[in-house]
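There are 2 protein chains.
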Amino acid sequence: MKIALAQLNYHIGNFEANTNKIISMINKAKAEGADLIAFAELAVCGYPPRDFLEFSEFIDLCEESIAKIAEACSGIVCVIGAPTRNEQIEGKDLFNSAYVIEDGKVTSRVNKALLPNYDVFDEYRYFEPGLVFKCIEVKGVRIALTICEDLWNMKDNPLYLISPMDELIKEKPALMLNIAASPFSYVHDDDRVMVLSENCKKYDLPLLYVNQVGAQTEIIFDGGSFAFNKQGELLHQMKYFEEDFHVFEFDGQEIQGLEPVTYLPMSDIEQIHQGLLLGIKDYFHKSEFSKAVLGLSGGIDSAVVCALAAEALGPENVMAVLMPSKYSTDHSVSDAIDLVNNLGCQHYTIAIKDAADAFEGMLEPAFKGLPFNTTEENIQARCRAIVVMAFSNKFGYILLNTSNKSECAVGYGTLYGDMAGAISVLGDVYKTQVYQLAEHINRDREIIPRNSIVKPPSAELRPGQKDSDSLPDYDTLDALLYQYIELKKSSKEIIAQGFDEELVRKTLKMVNMAEFKRYQTAPILRVSPKAFGMGRRMPLVGKYLS
Amino acid sequence: MKIALAQLNYHIGNFEANTNKIISMINKAKAEGADLIAFAELAVCGYPPRDFLEFSEFIDLCEESIAKIAEACSGIVCVIGAPTRNEQIEGKDLFNSAYVIEDGKVTSRVNKALLPNYDVFDEYRYFEPGLVFKCIEVKGVRIALTICEDLWNMKDNPLYLISPMDELIKEKPALMLNIAASPFSYVHDDDRVMVLSENCKKYDLPLLYVNQVGAQTEIIFDGGSFAFNKQGELLHQMKYFEEDFHVFEFDGQEIQGLEPVTYLPMSDIEQIHQGLLLGIKDYFHKSEFSKAVLGLSGGIDSAVVCALAAEALGPENVMAVLMPSKYSTDHSVSDAIDLVNNLGCQHYTIAIKDAADAFEGMLEPAFKGLPFNTTEENIQARCRAIVVMAFSNKFGYILLNTSNKSECAVGYGTLYGDMAGAISVLGDVYKTQVYQLAEHINRDREIIPRNSIVKPPSAELRPGQKDSDSLPDYDTLDALLYQYIELKKSSKEIIAQGFDEELVRKTLKMVNMAEFKRYQTAPILRVSPKAFGMGRRMPLVGKYLS
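Those protein sequence lines, which keep their order, are chains F and Z. The opening position of the first sequence corresponds to residue 876 in the working numbering, with each subsequent residue numbered one higher. The opening position of the second sequence corresponds to residue 876 in the working numbering, with each subsequent residue numbered one higher.
Careful: at least some of the hints might be erroneous.
If several chains are the same, the list does not tell them apart, and a pair holds so long as it fits within one copy or across any two.
No more than 30 Å apart at the CA atoms, straight line, and that leaves these computed lysine-lysine pairs for DSSO-like [unchecked claim]: (1) K967 <-> K1045; (2) K1009 <-> K1363; (3) K967 <-> K1384; (4) K967 <-> K1009; (5) K1156 <-> K896; (6) K1363 <-> K943; (7) K1014 <-> K1045; (8) K1341 <-> K1077.
Treat the hints as calculated values from the structure; they're not laboratory data.
Looking at chain F on its own, in the form it has when it is part of the complex (with noise of 0.2 Å):
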């Protein structure tokens, strides 16, 4: 039998788009003479559709969608993610069901029996797990169908009491499906590899799996559907960061027509530029939005955003406003100038100096001479947001966040200020990887002038300030952090790791008492494995570190 994988960017609650897209990709299947075409979890409506789910309309518009779909369904069998009710009193009231149609009418449902409920995810807030565990068949194969974490429970320390395999095992299936969707972070595709061979592995069973490609604002899909034969080798991976279709023949044994091939993973930095121009581009293409606006400084993170701005969106759609203060140096100024001029974006140079005389003036008699301190610093760097958000007001452009992963941790940035935006790009990218990401950018010819690459980081919001005379260097600050929020060690491993004690008790200080600025801030691109934001809970009156 011919099996497809439709890999597919879905638009959260877009029910026409994803319909329609969904129907032409099983035209597409049975022009090419698939028996079976396989759909990614949640795919009518999109994931992660959050609180929308307790929205009973929602749920009629996924069972509409269902049902347009099924239509389409003749003369081929269609697995597809969809919510749907329970009809049990006791338990919540929806299940994560994967939908098995044939000839116009759905013959089965298989239930979601693992929910993450980690990190980013909130899947147990909406969902029962399954209790049931069977087999689905198509054309006489029987085929173990799961959902994404239900092939997961493999680690040392499993976060379930089950594994549905081990249930579904025992009716002797021939082939694995799983229908998936699965946030990338730069780390997540070699586990995901390794988890998926594993299975096969245990099970002596081939697998078909497919996920969902694009960004929903801040969670990042990156693709990379696979088949892997009973031995757990590779035998196809579909694309990253891209939509995708392939169709795979079974012989009810074997994945047929596929020699192994050797896995091959994109470099991080190579995975989180496509990641973080995937984000850009579906931000603005999802919203509705083509245009964005960004301060640039000279300096090195907002001279990365606009580049991968530029790329995403086109450079004509990209506009970058510069606005020195008093304190901004000569070179600032020339080396963003180079910097639009490689790329070609429009740019506005709107010095800061007259808002900023007006407020010093206005908060005169309040503040009686008392010294110029962080105050006077924030005043500037709002002032660069009233006149960016002018421009997005004025003009529709959306303003794109340029802070960086290592600031958003420590609180070394203004709140309504450098740190507004509708889109943080670069804060899940601590500042060490920001300049790898730089070289990366510049690797055919140089668009990132050297000059912002090299010369040392400064907020310029006082004369001759420098990142270091506040923070350690970046190399030191990154590892330490590194420690702390990806692996959530404790200020006695990491000093027992080396770093200086009163740096440790400092930074991570620093890190807790920021949480009132980062609750404020824009949704962040997730490239890590922990990144700030829904996938970080943090109370913000604590007292843990503080």
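Based on the hints, put chain Z in the right spot on chain F.
Here is chain Z on its own, set in the frame of chain F:
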């Protein structure tokens, strides 16, 4: 036997303060001859500790606290909530437990079985559900000890497949003891009394129930611990919104020496008033700040926030900043001055004209004579934010946000402008409720000037502007929003109730389109069953009703 309930205000992660408070209550209970003292759910670390629970060090600190508390437990049994480690390899790593401590030793441990994971709750993110049901024995009395939600599986559409009391009742306990962390909303008190009473009737057992009190950032706990007899009649009601302590006498059959009393609920508006005061107080106290700043417009919202802040923190700790623009009316300033005089708080007047003019001049070359629109309105609102944030930065005042729930819902506010602030006082209070709150604050004398209450609401961002230019009257708007936000009704259902169809579609679209603004606003003190913030998690880039 004598059983003490300690209804305390914990501070998340402040182990030293929590442990000291707990030990002093143990000593007080001993002094009053109690045999048993019970504290709330997760008392040692405070509730909700959120992702602090993912740090192994945090769990170590919980265990160290339990060890210290155990040392104080000579001659008394203590029941207290804390996270504990799951020793099994399978399943999540933690339980949400109640320790039973006797003579310096932990003698047993009960694990919460029903883990709420809806609205503001995320317990399944951290905890494995308990599957073992066993009563505890204290001085020969068998007690069915449960944790909060364990008693809440009583409705027509139960969320869980099991009810712990159905298991525990088989061991014939003499008493139910429930330790809770049950957050406040103005409807929750009635539900709580009803559910607890139903449990007594169903299982024919008396019940002692101990809750937390105090605010943890946006979540407010109202206390209201209770004793009920076997018939489900209320015997004693502990204080709302305050710490409290009470010793009950139990003879092995029934709670003695107390006659049934009628439950006397506070009015909704009085609950909201008390809840917001506690929310403000604890935000400041637990963050170690004492002084607040806010922008005072002369309108009703900022007037109510100012009055609440003055009551919560003392008028000497409230700085009201009047920031008239060229569109502000004279009465706005005089109404604001009347209010600060009534309250006795400090105020400053800083006209924003110079800054607003500076921005308009700076932007003129880019805007090339495009007409005045919301861009210029937003510039004014953002200039005000810069001024109040400058006060915050220079003097260490905390900025109170003054937006109401109706505005937050429809996006009638300026991001980085009037939507700024460390904590939103009224973001869960509809405009019509703000008026009720103003009347309630004025119940004994006129604090909020009558003129602020009776004049038509206006943002005063252009000449003669009124809220009613762009919004329906608030009675209609709030009733409609309630159907959608609190009750999650579909547009079809809302229209069927008699609301104008076009108005419904336009309003729901406004609500969904404003998600991106709410994502970046201050945490909102939660007083309703459905507040914006952590309890309502919506996709930003979605297409549903938008």
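Cross-check of the supplied hints:
no.: 1; hint: K967 <-> K1045; in the structure: both (28 Å within a copy, 26 Å between copies)
no.: 2; hint: K1009 <-> K1363; in the structure: neither (39 Å within a copy, 35 Å between copies)
no.: 3; hint: K967 <-> K1384; in the structure: between (40 Å within a copy, 28 Å between copies)
no.: 4; hint: K967 <-> K1009; in the structure: both (21 Å within a copy, 26 Å between copies)
no.: 5; hint: K1156 <-> K896; in the structure: within (18 Å within a copy, 53 Å between copies)
no.: 6; hint: K1363 <-> K943; in the structure: between (46 Å within a copy, 26 Å between copies)
no.: 7; hint: K1014 <-> K1045; in the structure: within (20 Å within a copy, 51 Å between copies)
no.: 8; hint: K1341 <-> K1077; in the structure: neither (55 Å within a copy, 68 Å between copies)
When held up to the earlier numbered hints, the structure conflicts with 2, 8 and fits the remainder.
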